[in-house]
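**Q** Okay, here's what each chain looks like letter by letter:
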Amino acid sequence: MTIAREVSRRSFLWTLGASGAIGLAGRANVLGAFAQEPSAPRNVPDFTGPGANPYWNSVGPLVAEPQKSPLILLTDRPVQLETPRNYFLNVFTANDAFYVRWHLETLPNSVDLKEWRLHVEGNVGKPLTLTLDNLVTKFKASSIAAVNQCSGNSRSRLQPRVPGGQWGNGAMGNALWTGAKLREILDAADLKSGSVQLQFEGLDRGKGPEGFGSNRFMKSLDLSDPVLDEVLVAYSMNGQPLPMLNGFPVRLIVPGYFGTYWVKSLSWIRVLDKPDDNFWMKTAYRIPDTPGGSTTPDDVKAGKVKTVPIAKMPVRSFLISPDGSAKIPSGLPVRLRGIAFSGYGGITEVEVSVDNGASWRTAHLGADEGKFSFRTWELSWISPRPGRHGVAVRATDGEGHTQKDEMVWNPGGYLWSRIERQEIMVGAAE
Amino acid sequence: MTSLKRFALATAICAFLASAALYAQFNAGFYTLQGPGSIRQTAPSAGSAGASYEIAAYTLYPAMLAAGDGEQEVASYCNTCHSTRYITMQPPLPADTWSAEVNKMAKTYGASIPDDATEKIMHYLQSHYTPENRKK
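Keeping their order, the protein sequence lines are chains H and A. Throughout, this note's numbering is defined as the position within the first sequence, counted from one, plus 3. Throughout, this note's numbering is defined as the position within the second sequence, counted from one, plus 235.
In short, the hints are calculated from the structure, not lab data. Predicted model only: the values in this text are computed from it and were never measured.
In silico DMTMM-like links for lysine to aspartate or glutamate, alpha-carbon gap of 25 Å or less:
#1 A/Lys371 - H/Asp49
#2 H/Lys307 - A/Asp331
#3 H/Lys210 - A/Glu308
Whole structure, please, built from the sequences with the hints as guidance.
**A** Following this line, the structure appears as structure tokens:
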């Protein structure tokens with residue numbers, strides 16, 4: 004506020020006291036001290052590109068599907084929904100806000116538990132058909148906090164852009180999953196020698212012809228993969244049954260791995276005696292066999308890129324609040340808050356820069372919910388001189404990887420994990 | 236009836252029985268059409284005490300496809316496996332990326348689209364959804 008305006012306000016108040024009347028001109032003057040003509044709301048555009056999506060989330064409209072809060076629509080059939088940024092202030096993502104990604108359009112609207120079974124079949128001595136009650140009562144309940152992140156989370160950041168689900172950063176979530184240990188179920192099924200992989204399939208089916216990826220979605224894990232010791236067949240998510248869209252009645256939990264393996268409405272576990280060559284293993288969800296999984300469009304065209312199935316999630320961290328949508332008065336103490344996670348041994352450090360990466364300060368980490376969970380972080384900051392300020396955040400994981408400032412590019416649009424930045428506008432406070 | 240025809244018939248019956256067995260345990264693939272607008276609250280309902288757990292149909296939000304030659308083919312063929320929001324969600328993509336996408340649908344995913352419709356779909360996408368010509 005300028006001195007001139009302050010003086011005019013005081014003289015106005017004096018006039019008010021003296022005359023006991025409100026002059027129209029004077030009223031306009033006092034309102035001028037704190038009000039402005041509101042501007043129209045600025046909506047995000049309907050699509051972004053060919054440049055990178057500049058917004059934290061994807062740009063679709065908010066829609067409410069059954070058992071869900073309004074989430075960001077990517078596609079309606081099959082259903083793909085993204086979690087808005089503000090939900091990530093909490094270490095656990097609420098079930099109704101948890102992102103949704105199905106591959107095939109014929110996805111469950113109802114499940115009859117009188118009929119439904121989890122089948123364990125294939126190269127086993129004792130095939131199993133388990134009811135939900137069997138899973139709950141015959142096996143010890145285990146719980147684990149684990150992040151599920153879509154392989155294509157942040158795909159809309161890639162340059163050049165690649166086709167696929169144009170996710171912003173919200174195709175991720177963290178929940179406390181409770182269920183039966185996969186190992187115990189396998190022990191009960193008595194695996195035969197010569198078994199090499201486990202194949203998982205849910206209730207979803209597609210309209211494509213048989214034998215194609217557009218008809219069935221199946222994912223497999225190697226029997227020699229140590230992650231199997233952590234895998235759960237979960238019937239509970241944050242202490243509640245799973246929403247239908249997140250995999251009711253049970254889904255596979257593969258801690259540290261991308262969401263593609265976390266098969267929803269899991270109903271078949273097949274023990275294979277040879278590697279799975281179905282489309283979703285052999286062709287889709289593969290990353291270049293290069294450091295960081297990055298390559299170039301030219302190398303892809305030249306056929307130089309060898310690929311491997313996607314697996315663990317690289318370290319990532321996010322600033323959640325402030326989100327840059329509101330101006331902050333200069334000199335105000337502000338809490339910078341966010342989350343970090345990694346598929347490689349949890350989070351050991353989060354650093355924040357308020358000068359666009361020139362210098363870094365260590366943030367305070369929140370409660371440790373386990374190495375597969377989100378870890379919240381916080382740093383108090385006195386907003387500096389008016390102007391644009393670049394906030395950046397980077398995390399280091401248990402295996403010593405620190406996020407880099409490098410772009411990631413591969414044709415599938417996977418593994419984006421670059422240092423996140425947010426511009427904050429600081430305004431004058433007087 | 237030739238043995239080949241008998242075999243085909245038997246296969247079809249087996250496939251039908253197999254899918255009937257699969258779908259006895261759950262319902263799937265229900266969508267309902269709803270115009271855009273404000274988001275309404277849903278009334279709480281826990282359903283019956285039986286073993287069937289059901290939710291309402293998922294909602295269709297039809298995409299606003301660009302008007303032009305080939306729109307009908309896109310709306311009918313592409314819509315078989317997925318809604319056309321799969322198209323409008325994409326960033327503007329170069330023409331050769333669109334032809335690769337259409338070929339992927341036909342060859343990799345087995346979509347049965349007649350050749351002339353494939354041509355029309357490709358041309359439509361390349362006429363409305365590239366960096367040079369995408370409007371909305």
